[in-house]
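**Student:** This is what each chain is made of:
Protein chains: 2
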Amino acid sequence: MATGTNRQILLVETPKGKLSPQNFSLSEGAIPSPKDGEILVRVKLISLDAANRAWMQGATYRSAVESGTVMAGGSISEVVESKAPGFATGDLVFADTGWQEYAAIPAKAADKVPAMEPMSHLLSVYGIAGLTAYHGLLDVGKPKPGDTVVVSAAAGSVGSIVGQIAKLKGCTVIGIAGGDDKCALLKSELGFDHAINYKTEAVGKALRAAAPKGIDVYFDNVGGDILEACLFNMNNYGRIACCGAVSQYDGAPPAHGPRGIPGLIVVKRLTMQGFILTDFNDKREEALADLQSWVAAGKIKVREDILSGLENTPAALIGLLAGENIGKRMVKVS
Amino acid sequence: MATGTNRQILLVETPKGKLSPQNFSLSEGAIPSPKDGEILVRVKLISLDAANRAWMQGATYRSAVESGTVMAGGSISEVVESKAPGFATGDLVFADTGWQEYAAIPAKAADKVPAMEPMSHLLSVYGIAGLTAYHGLLDVGKPKPGDTVVVSAAAGSVGSIVGQIAKLKGCTVIGIAGGDDKCALLKSELGFDHAINYKTEAVGKALRAAAPKGIDVYFDNVGGDILEACLFNMNNYGRIACCGAVSQYDGAPPAHGPRGIPGLIVVKRLTMQGFILTDFNDKREEALADLQSWVAAGKIKVREDILSGLENTPAALIGLLAGENIGKRMVKVS
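Residue numbers (our numbering), protein chains in the order written: chain A, 1 to 334; chain B, 1 to 334.
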């Protein structure tokens, strides 16, 4: 049995406005013992996701994170003790362990993952980010060769892969991101055709210039004004894949939705469709095989942003919500 | 060749706010002569549609109606002179003749329709209204037996048929309409399970009571606050068929869209899809056959609201936008 302390990050209280370090505290507890059917895992790499912020508020696809408890979050972890068939010490799993060094979790809530180098790819291109990009673009957005595809939060973990998959499917790809450095990288390194810096450019005007024939597929990670600008530039029969609304997670809920709904939806015969990765569990192996072949062939470049130290996890999430990362952000714990 | 005068209703100017009688004028012109490839028709029954109002402003699926010209509108008309192969005197056609007694139109812009009793069914259940209800509900909304289906403008030409088709497909049906008389009729005559009077009831609360298991399909004719109330009550994987936004046609465009977009679209994995009837031209015969069999079997009751006299057409549209009709409104011209 593991002995020693278990450092944990607690959510002190449900944030009312912008997330701040004061919403979290570092605590030390005992390393738990797994019950029958459980495994004890040591957390290695914590995944940071904009959705973490939405979970705090509730009203998502999972129950709210209660104040005073360990902050929820997915991680790659190593089994250190197993009381469940099919799991052995040394196995790697992906699970919602929360932000802590050790967790005892039901084996049925853990997905075994293969050892690989670098392990971080299990959280980026072969994790939720890569699979979300894959299914959201291909199964929801359904781009055809020659289509114009726009993706927001384009330098983020999902957007950076969406754009690259769209390119290899023969589309013209426009990324929307916050910062000239991000925009430069999208074009020079990731092969995007155009990049729009929403912090300095008028997005609607920039879209009209970059997509003179209109937008066929918009992969929406942000909602709000950028969704509205895309709506006004969609082509007839365009598809909007609704993946997230990061512009609306960190603060009060917006007073109103984007203009043009439902008028433009009708006139242009648009389809807006929301999705969550687990909707596509039955296609997971096919998706992973495609992603692996594309990475191996150099057709998808994987960007990661790895910080160190459990104590830095709150700042890592706050920074992610402010858009400071390029590619998939994670925190190395052990 | 026909001689005599041709009474016409002109759109005097593009309305800036609510439509009023002053936006129209009655004019008399000569009966036109058809050119080669054209037919001269005598207008019998003019179709009134909320979309007529949207056409005036432009930015729809057709070009705007220019001020000073005959107001656009579909009608059932009779051919009085043909200079086009395939059309003979006495044939009935559906075409955008505009609001006038006679029109010379390209034969290719006219659809021949069969003589039937009552002729008005060509504009209601077998016309744009019935076909829009059919395809929008079945091909876009895709209800399954046992689903809860909500339709707005439920006592209107489209909504009254949507609800009846949903009932015969085994769904629980809730209609939203403006007025206790309409709500009573939906339940007593058209077989709806519940009816909500949006003028006197809080729609969100009424929906929670009428649809305790949530909404699976929402057929949206109105947009605005009612769309928002439905969004908040949709079930996971629900479908919203976007048919129109009548709440937003007669006045200034809304400052904002409904709240909950895209957040609820993502979390509930909703699909919002806009459509226009012509998208389903290839399924038209099948739809008409179904509608005819349902009407013959008494499974669909057809409500019509027929006014008389070309000069009353502006008032008929203004009244339709104010919701005074039950069922399909039309004006008998000759």
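Hints listed in this document are in silico derivations from the structure and should not be mistaken for laboratory results.
Among the hints, a few may not be true.
One copy or any two copies: either way a pair holds, since identical chains are not told apart in the list.
Once the Cα atoms are required to be at most 25 Å apart in a straight line, the calculated BS3-like pairs of lysine-lysine come out as [claimed, not checked]:
id	residue 1	residue 2
1	LYS144	LYS187
2	LYS268	LYS283
3	LYS199	LYS112
4	LYS142	LYS283
5	LYS16	LYS268
6	LYS44	LYS332
7	LYS283	LYS83
8	LYS142	LYS268
9	LYS35	LYS112
10	LYS213	LYS167
**Student:** Which hints, by number, does the structure contradict?
**Tutor:** Going through the list in order, the structure violates hints 3 and 7 and respects the others.
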